[in-house]
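Enquirer: Residues per chain, in single letters:
There are 2 protein chains.
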Amino acid sequence: MSTFSRIGVFDSGLGGLTVLNAICAANKGLSIVYFGDTARVPYGSRTPETIIRYAEQDVRFLLSKGVEAIVVACGTVSAIALEELRKEFSIPIIGVIEPACDAAAKVTKSKHICVIGTQATVHSHAYSDYINRQYPDMTVSGIGCPLFVPLIENGFREDDPITKMTVERYLSPIRNTDIDTLILGCTHYPFLSGIIHETLPDVRLIDIGVALSEVVGRTLTLPHNISDNFVEYCFSDRETGFKRFDAEHLKDLPNGPIKSINIESF
Amino acid sequence: MSTFSRIGVFDSGLGGLTVLNAICAANKGLSIVYFGDTARVPYGSRTPETIIRYAEQDVRFLLSKGVEAIVVACGTVSAIALEELRKEFSIPIIGVIEPACDAAAKVTKSKHICVIGTQATVHSHAYSDYINRQYPDMTVSGIGCPLFVPLIENGFREDDPITKMTVERYLSPIRNTDIDTLILGCTHYPFLSGIIHETLPDVRLIDIGVALSEVVGRTLTLPHNISDNFVEYCFSDRETGFKRFDAEHLKDLPNGPIKSINIESF
Chain A
1 MSTFSRIGVF
11 DSGLGGLTVL
21 NAICAANKGL
31 SIVYFGDTAR
41 VPYGSRTPET
51 IIRYAEQDVR
61 FLLSKGVEAI
71 VVACGTVSAI
81 ALEELRKEFS
91 IPIIGVIEPA
101 CDAAAKVTKS
111 KHICVIGTQA
121 TVHSHAYSDY
131 INRQYPDMTV
141 SGIGCPLFVP
151 LIENGFREDD
161 PITKMTVERY
171 LSPIRNTDID
181 TLILGCTHYP
191 FLSGIIHETL
201 PDVRLIDIGV
211 ALSEVVGRTL
221 TLPHNISDNF
231 VEYCFSDRET
241 GFKRFDAEHL
251 KDLPNGPIKS
261 INIESF
Chain B
267 MSTFSRIGVF
277 DSGLGGLTVL
287 NAICAANKGL
297 SIVYFGDTAR
307 VPYGSRTPET
317 IIRYAEQDVR
327 FLLSKGVEAI
337 VVACGTVSAI
347 ALEELRKEFS
357 IPIIGVIEPA
367 CDAAAKVTKS
377 KHICVIGTQA
387 TVHSHAYSDY
397 INRQYPDMTV
407 SGIGCPLFVP
417 LIENGFREDD
427 PITKMTVERY
437 LSPIRNTDID
447 TLILGCTHYP
457 FLSGIIHETL
467 PDVRLIDIGV
477 ALSEVVGRTL
487 TLPHNISDNF
497 VEYCFSDRET
507 GFKRFDAEHL
517 KDLPNGPIKS
527 INIESF
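Those protein sequences? They're chains A and B, same order as listed.
The letter at position 98 of the first sequence is residue 98 when you use this note's numbering, and the numbering goes up by one with no holes.
The letter at position 227 of the second sequence is residue 493 when you use this note's numbering, and the numbering goes up by one with no holes.
Simulated from the structure, these hints should not be mistaken for lab results.
Everything hinted at is true.
Distance windows between CB atoms, simulated:
hint, chain 1, residue 1, chain 2, residue 2, range
1, B, ARG441, A, GLU68, 56 to 64 Å
2, B, LYS331, A, GLU68, 38 to 46 Å
3, A, ASN154, B, ASP403, 31 to 39 Å
4, B, PRO427, A, ASP129, 32 to 40 Å
5, A, ARG86, B, ARG399, 52 to 60 Å
6, B, ARG504, A, HIS112, 29 to 37 Å
Computed from a predicted structure; not experimentally measured.
Beta carbons: idealized from backbone N, C-alpha and C, even for Gly.
The shape of chain A in the complex, shown without the other chains (with noise of 0.2 Å):
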């Protein structure tokens, strides 16, 4: 088995980095190539012609890279584009669908799982599909939450008010069900776990974040003998501002070259 110690890890923008962060605390000796689309970001409400395009283009320019995997760290991409990449990629290609229903399957009581994402992730059914498959006694509900992105990328922390009525609009159908578990689908979404958590107590939160560095761990081979990670920060347009958010889903990334690539050539 050979060992993986270059991976890339693309994502539209800000929200992949909560998973990048994920990987780093939990493994340990990677090189990894960091992209982010800030010049096309959202992904999320576009059609799948248009996403699975740009992911293909995301993936040829971290192969340009040398990686020897890639960790799609977008729910909308895992959601719309990843058997598409599987397919005319030959590297392993991991996305967030498979780790995350697994982990909410394993701690879900009343068996009812609901979903929250982007437009197009919860249009895809991509989550639905794998659990009816893998775990036909569950029941999976979507709801689709356009407006989580655009107030996390505009500096809209979870206690705004305008941040607090929007979590409440979206996701007060759920109060008063049997859903006892969420899946965060949507890389972003761990900015807004605290204030998801006061919105609904009772409910179990999956981040798919820390679920898929789980699997990246299980999954590839990482070497032994180097104690630290490399990163390299890539962006197609503006790096995300990152370093201004809330240090503690980010406290594990590594300081790096942050460059400015034209995602558009490859």
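Since chain A is already given, all that's left is putting chain B on it; use the hints.
Expert: Then chain B, alone, in the frame of chain A:
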């Protein structure tokens, strides 16, 4: 003086349709190619370099359709890229800054104007540079309202409590100042003009689409023998779903073919 009968109008998405509507209401006999860059919307949170690159591609696409003049129906592109576009392309290119400022200067009594727009627009100082040059006795303030476009694009209506609270957040600092004229410096904002007027009842609102449509009629010699407009609607991803919106700001849009194009190839 030549007659311009075929013009191009472009925006990052839905907003430019409010400009197109105003142009169609005020002018007849035009053949218009509209382009909405829905694969890359929003522009307003990107860097000037990226906005200029996108705008150049947008213009090249419209030129390929044989247009004789171009209306930049996007506040962000007008603020960031207009000079570069005029240097690079030889046909007339009309933006929203100058018409909007002229319209505001005409009605302000306090000589204190405020511009609201995307972050990129406000940071560009394009409005204040023009007003300082043309109307040196006037003062210009600016407020970035980055959540307005996502609210509109995601179907939040202006009577929604979340919309109201966001408008109040951004605009309450203007209340009880000597600002008497507010330029809605983004072509999306007419969709919020009702609630903005409620929030600031004593302030005159300048709709940049209306201001610009008058300039189009004055600048371009239009044919007189045709009484209808013909519009071809082109989008880089999904069409904007504009038909689900309040008809008031879009009621003069003629029906026309809707086409899908790959903007990255221009």
